[in-house]
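Trainee: One-letter residues, chain by chain:
Number of protein chains: 2
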Amino acid sequence: MKRYRREDENSYALGITLTFELLKYAPEYARKVYIHSKMQEGESLDKLLMLCVECNVPVEYGDKPFNILSQKENCFVIGEFKKSHRDVTGNANHVVLVNPSNAGNMGTIMRSMAGFNVTDLVIITPAVDEFDPKTVRASMGAVFHLNISVFDSFEKYSEAFHGRNLYPFVLKGKKSLSEAEFVKPYSLIFGNEATGLPDSFLEVGTGILIRHSANIDSLNLPIAASIALFAATKGDF
Amino acid sequence: MKRYRREDENSYALGITLTFELLKYAPEYARKVYIHSKMQEGESLDKLLMLCVECNVPVEYGDKPFNILSQKENCFVIGEFKKSHRDVTGNANHVVLVNPSNAGNMGTIMRSMAGFNVTDLVIITPAVDEFDPKTVRASMGAVFHLNISVFDSFEKYSEAFHGRNLYPFVLKGKKSLSEAEFVKPYSLIFGNEATGLPDSFLEVGTGILIRHSANIDSLNLPIAASIALFAATKGDF
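Taken in order, these protein sequences are the chains called A and B.
Per my numbering, residue 1 is the first one in the first sequence, and the count goes up by one each step.
Per my numbering, residue 1001 is the first one in the second sequence, and the count goes up by one each step.
FYI, nobody ran anything at the bench for these hints, they're computed from the structure.
It cannot be assumed that every hint is accurate.
[What the hints assert, rightly or not] To give an idea of the interface, some chain A residues facing chain B are shown, with a C-beta separation under 8 Å as derived from the structure: (1) Gln40; (2) Gly42; (3) Asn215; (4) Ile216; (5) Pro222.
[What the hints assert, rightly or not] To list a few chain B residues with every Cβ distance to chain A over 12 Å, as calculated: (6) Phe1116; (7) Ala1160; (8) Glu1203; (9) His1212; (10) Phe1230.
Every residue, glycine too, gets a C-beta built ideally from N, C-alpha and C.
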């Protein structure tokens, strides 16, 4: 066993809560569950072991994987899983992240997506690793609820999924989010943390602007994406 | 010079962008500007030095403070400032954070507050340090735009600022955010990251709920606060 690297076939859910999410929502990808010698016996462990039996996932005892994979002192369970996607579908609403660069941000966006029931995520590369243990952790397990597709250009995505309503979020957007109507199936499109979307997106669909004061240059990416999800879905709740 | 500790009288804006924010928006608190030997000569440096002269802030050259204070390799300017507040005012709208525990989250909320022009922040202790360099960095300098007051209980805050409209954000809130009207001057009140607000807040003002799916337990704290700020202020932009 080695430290996680992006090219690995498997990744890891660090901690018992994330491992439960893995076994409940993506059991088909679960490969193994590691248990540390300091893991307390009791109801949680019993439930975990039962779920492993149900999902046919082998359990391995020992502390070595924890020294290699986890920096946290209170991590006593690790779920290993195959890095595999359920693809996004054409009928669903999408969030499209163009060149996102931060694992914590991507995970936070995943959590908001699961929260607002927009469960199809499109990633345009180059991008941060959607299965990095840091992404998984920041998502609080929401990554296991999502359908994900990865494209190496926005053009390839829009060819594969044509006839959708595209809403790029740009500072030069013509429509204010407060007044925008999102027609399904829609794609909410966000750019990189530092650079935003390139100007070519001004020609795409309906550009949306989240109005804010001049005190800041821009909103934090997961904040902008989550506000957009709230505004786009609020009729659904 | 030592590593930053909470009890210190001064804190630090790490990086040239944050230091500009300090000198522009809170020059009265700026104490010193440190410049690394690797800082490139040119327009940015000239502008910075000019601003230091205008604000009467001494400049010190040398690499030692950077080895002590910054973990980032590309940090070549540090602004030292006195940890001091402009107090919140009764006429303004407030964000009230009850026992926030994460510096990055607090900084992100500050950035959204500056973005949505709700610039008065109340902190109920125990709480993370609002002047921790990590908070300052996550705020992207927004901390220098804010008025901040700290109380050691919510009761003391509500005694000091009575007659306001209080909106605690609670999972058991009766009013959905999508339908809520916020009457000024209002206080948007948020609990700790892990535990939320205690049940005693069910008796306070009008409880607000941000509806989300059962896929997640709760929204991330800065996400919830920023969505609330967007919803409360959208008539203002």
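Trainee: So, for every hint listed, does it hold in this structure?
Mentor: Verification of the hints:
no.	hint	verdict
1	Gln40	violated, 19 Å
2	Gly42	violated, 20 Å
3	Asn215	holds, 4 Å
4	Ile216	holds, 4 Å
5	Pro222	holds, 7 Å
6	Phe1116	violated, 6 Å
7	Ala1160	holds, 26 Å
8	Glu1203	holds, 25 Å
9	His1212	violated, 4 Å
10	Phe1230	violated, 5 Å
When the structure is compared with the earlier hints, violations turn up for hints 1, 2, 6, 9 and 10 and for no others.
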